[in-house]
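Once you've looked at the hints, dock chain B against the given chain A.
Protein chains: 2
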Amino acid sequence: MENTKKISATSELRQDLVTGEWVIVATGRGKRPDDFVAEDRVIDATAPDPFADPDASGQEEDVLIYRDQNGAWTTRVFPNKYPALTMTDTVEIIEEGPYVGVGGYGAHELVVTRDPHDHLARLDVPAVAEVIDAYQDRYLTHMRSRAIRYVSIFHNHGPKAGASLSHPHSQILALPVVPVVIQAELDATTRFFRKNKMSPFQVMLDHELSVRSRLVAENDDFVVFCPFASRTAMEMRIMPKQPQPYFERITDAKKVALAEVLQAALKALDRGLNNPDFNFFIHTAPCDGWDYPHYAWYIEIMPRLNKIAGFELATSLEIITVAPEDAAVFLRAQL
Amino acid sequence: MENTKKISATSELRQDLVTGEWVIVATGRGKRPDDFVAEDRVIDATAPDPFADPDASGQEEDVLIYRDQNGAWTTRVFPNKYPALTMTDTVEIIEEGPYVGVGGYGAHELVVTRDPHDHLARLDVPAVAEVIDAYQDRYLTHMRSRAIRYVSIFHNHGPKAGASLSHPHSQILALPVVPVVIQAELDATTRFFRKNKMSPFQVMLDHELSVRSRLVAENDDFVVFCPFASRTAMEMRIMPKQPQPYFERITDAKKVALAEVLQAALKALDRGLNNPDFNFFIHTAPCDGWDYPHYAWYIEIMPRLNKIAGFELATSLEIITVAPEDAAVFLRAQL
Numbered sequence: 277m278e279n280t281k282k283i284s285a286t287s288e289l290r291q292d293l294v295t296g297e298w299v300i301v302a303t304g305r306g307k308r309p310d311d312f313v314a315e316d317r318v319i320d321a322t323a324p325d326p327f328a329d330p331d332a333s334g335q336e337e338d339v340l341i342y343r344d345q346n347g348a349w350t351t352r353v354f355p356n357k358y359p360a361l362t363m364t365d366t367v368e369i370i371e372e373g374p375y376v377g378v379g380g381y382g383a384h385e386l387v388v389t390r391d392p393h394d395h396l397a398r399l400d401v402p403a404v405a406e407v408i409d410a411y412q413d414r415y416l417t418h419m420r421s422r423a424i425r426y427v428s429i430f431h432n433h434g435p436k437a438g439a440s441l442s443h444p445h446s447q448i449l450a451l452p453v454v455p456v457v458i459q460a461e462l463d464a465t466t467r468f469f470r471k472n473k474m475s476p477f478q479v480m481l482d483h484e485l486s487v488r489s490r491l492v493a494e495n496d497d498f499v500v501f502c503p504f505a506s507r508t509a510m511e512m513r514i515m516p517k518q519p520q521p522y523f524e525r526i527t528d529a530k531k532v533a534l535a536e537v538l539q540a541a542l543k544a545l546d547r548g549l550n551n552p553d554f555n556f557f558i559h560t561a562p563c564d565g566w567d568y569p570h571y572a573w574y575i576e577i578m579p580r581l582n583k584i585a586g587f588e589l590a591t592s593l594e595i596i597t598v599a600p601e602d603a604a605v606f607l608r609a610q611l
Numbered sequence: 277m278e279n280t281k282k283i284s285a286t287s288e289l290r291q292d293l294v295t296g297e298w299v300i301v302a303t304g305r306g307k308r309p310d311d312f313v314a315e316d317r318v319i320d321a322t323a324p325d326p327f328a329d330p331d332a333s334g335q336e337e338d339v340l341i342y343r344d345q346n347g348a349w350t351t352r353v354f355p356n357k358y359p360a361l362t363m364t365d366t367v368e369i370i371e372e373g374p375y376v377g378v379g380g381y382g383a384h385e386l387v388v389t390r391d392p393h394d395h396l397a398r399l400d401v402p403a404v405a406e407v408i409d410a411y412q413d414r415y416l417t418h419m420r421s422r423a424i425r426y427v428s429i430f431h432n433h434g435p436k437a438g439a440s441l442s443h444p445h446s447q448i449l450a451l452p453v454v455p456v457v458i459q460a461e462l463d464a465t466t467r468f469f470r471k472n473k474m475s476p477f478q479v480m481l482d483h484e485l486s487v488r489s490r491l492v493a494e495n496d497d498f499v500v501f502c503p504f505a506s507r508t509a510m511e512m513r514i515m516p517k518q519p520q521p522y523f524e525r526i527t528d529a530k531k532v533a534l535a536e537v538l539q540a541a542l543k544a545l546d547r548g549l550n551n552p553d554f555n556f557f558i559h560t561a562p563c564d565g566w567d568y569p570h571y572a573w574y575i576e577i578m579p580r581l582n583k584i585a586g587f588e589l590a591t592s593l594e595i596i597t598v599a600p601e602d603a604a605v606f607l608r609a610q611l
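Those protein sequence lines, which keep their order, are chains A and B. The first sequence begins at 277 in the working numbering and counts up one residue at a time. The second sequence begins at 277 in the working numbering and counts up one residue at a time.
To be clear, the hints were calculated from the coordinates, so they are not data collected in a lab. Among these hints, one or two may not hold up.
The list makes no distinction among identical chains, and a pair is therefore deemed to hold if it is satisfied within one copy or across any two copies.
[Claimed, not checked] As a list, the in silico SDA-like pairs of lysine to any residue whose alpha-carbon atoms are at most 20 angstroms apart:
hint	residue 1	residue 2
1	583	595
2	471	553
3	517	331
4	531	496
5	530	483
6	543	605
7	473	374
8	517	374
9	530	499
10	471	296
11	583	303
12	357	595
13	543	533
14	517	325
Every value quoted in this text rests on a predicted model; they were computed, and no experiment measured them.
For reference, chain A alone in the conformation it holds in the complex:
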């Protein structure tokens, strides 16, 4: 935080005075207020695919590219053409009366696989492992930026999950703040450990592997299960069998094992629910210089089968109509 300035950047992060929640105000993305009239985010299947040939369609330059033995690209990573955050020379502190914010410092990148239709559920395991390798590679680059404190990696599939393009892609957002939900998980983990001398993640993992009623898939290194307190019907969580805080330290062998269960979990959804819209995202410890020994990284997969309505927004308390145990039976049957 090198500089204090009262300015309006292209984008800025603003913090809620009460909750500490951050939002990104990205007016540079080109919307005016009345652009919202009757807007609906639908995917136009007839529109040209900007990721079919990223060079020709004027995407930003690649920061990472994978090629097959013939030299054809298979996976590539490039900055979002409409970034929510960008690397700037300094990190501006924004102040307005009692409020604080931070200039929109960070990075916003896309991880694109070649096939315009086959999403991760339908790619082979090595192709999924390549995507996970790309996540790790970019994570390791971003965490070296002094002002980056958290790197969020997520994937939106389908319009109900917020995807605006049908060509499969993941997104990486490198942030100068630690999100409140992550901080809340870290705090809760510390409290649980102080009380029980165990990580809550280890307790959960031991219990799920013991009762097995919510398991969907597993291999030697990873387990996929429907969480006891699932936030959406058919939610799945992927955890390493040996929990550890930092996703970015995953080994090459474990990347393949992770690809195997991620692909299986997405395939169960694809087959069982006829290619539903979904989000998945990685929760991992911040890269803010502190140590979080009792935290554990995991992947959350949330099918978007119901609308998020007023009750969920008001209370963050969701109503699910399929018990996680029934969801696990249903999903296992697809594999």
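Okay, now just chain B, sitting in the frame of chain A:
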């Protein structure tokens, strides 16, 4: 919490081991896993309106009814035919290994206004005040139940906001737990007060009334503004000018004043954005027997102009593309 039993109730509340977040698992609402295949919640405008004549369409019996001078009903409240929670004789504690839950004890009611099309933006102020009176009346009833700790009042308008029926209605959920987001607000308020000897809500209100750049509407008792850290484009917050913790203590005179600004805020959205989908909900102090002197109740209005995507789910950190100051200018211009 009178009873401990390891059972699967029609519905149950389950708590996340790490975050403490609650979910309601309501399998009694009649969905099987494969009912989700290709499901999309759309409003069928040709379907008969079950709220046009609630008696004839077999709704539950009214718990509250308002009539005009001719005896015709104007607003009525009855239990949801498909309740997420119901009043039971005892509150069951559910245990499974390290996990805990609570039987689905509570209430789930609908507040229905008579006109099948005119929503709150288009009703007159006395009609909106009647709805607010119904909220308060039912709140006061539910808080007398010994096991009820929080009453959530919310309104979903339009399919993107999760409404499954087009006939305007609000919902009331009386809960045996305090939602984590409310607890987080209470904790943050206490921390802020200890540090600054002021309520963060009072600080926010003083600042907004002083800078005025984010104000949308006001009267002697209430102010409507776009929050500095808005979570959606065009979000609005309604606060009493004299903050106080408990919504249910609102006086008759203030109910009319609240109806005036609520109606104005919704009218600004309706006119400016051509009847967009939205949610609004009341945040208020729990009715769990504790005192929360520094908290302040408020109404949050969230237009649903963008999809909630993976980044928002992963981080609770949202990206908005209209600055709250620009939103306020736009919304003010509609009034």
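Hint check results:
| no. | hint | result |
| --- | --- | --- |
| 1 | 583 x 595 | both (11 angstroms within a copy, 19 angstroms between copies) |
| 2 | 471 x 553 | neither (39 angstroms within a copy, 45 angstroms between copies) |
| 3 | 517 x 331 | neither (41 angstroms within a copy, 55 angstroms between copies) |
| 4 | 531 x 496 | within (12 angstroms within a copy, 61 angstroms between copies) |
| 5 | 530 x 483 | neither (22 angstroms within a copy, 52 angstroms between copies) |
| 6 | 543 x 605 | within (15 angstroms within a copy, 47 angstroms between copies) |
| 7 | 473 x 374 | between (39 angstroms within a copy, 14 angstroms between copies) |
| 8 | 517 x 374 | between (45 angstroms within a copy, 18 angstroms between copies) |
| 9 | 530 x 499 | within (12 angstroms within a copy, 55 angstroms between copies) |
| 10 | 471 x 296 | between (26 angstroms within a copy, 15 angstroms between copies) |
| 11 | 583 x 303 | between (26 angstroms within a copy, 17 angstroms between copies) |
| 12 | 357 x 595 | between (37 angstroms within a copy, 16 angstroms between copies) |
| 13 | 543 x 533 | within (15 angstroms within a copy, 54 angstroms between copies) |
| 14 | 517 x 325 | neither (39 angstroms within a copy, 51 angstroms between copies) |
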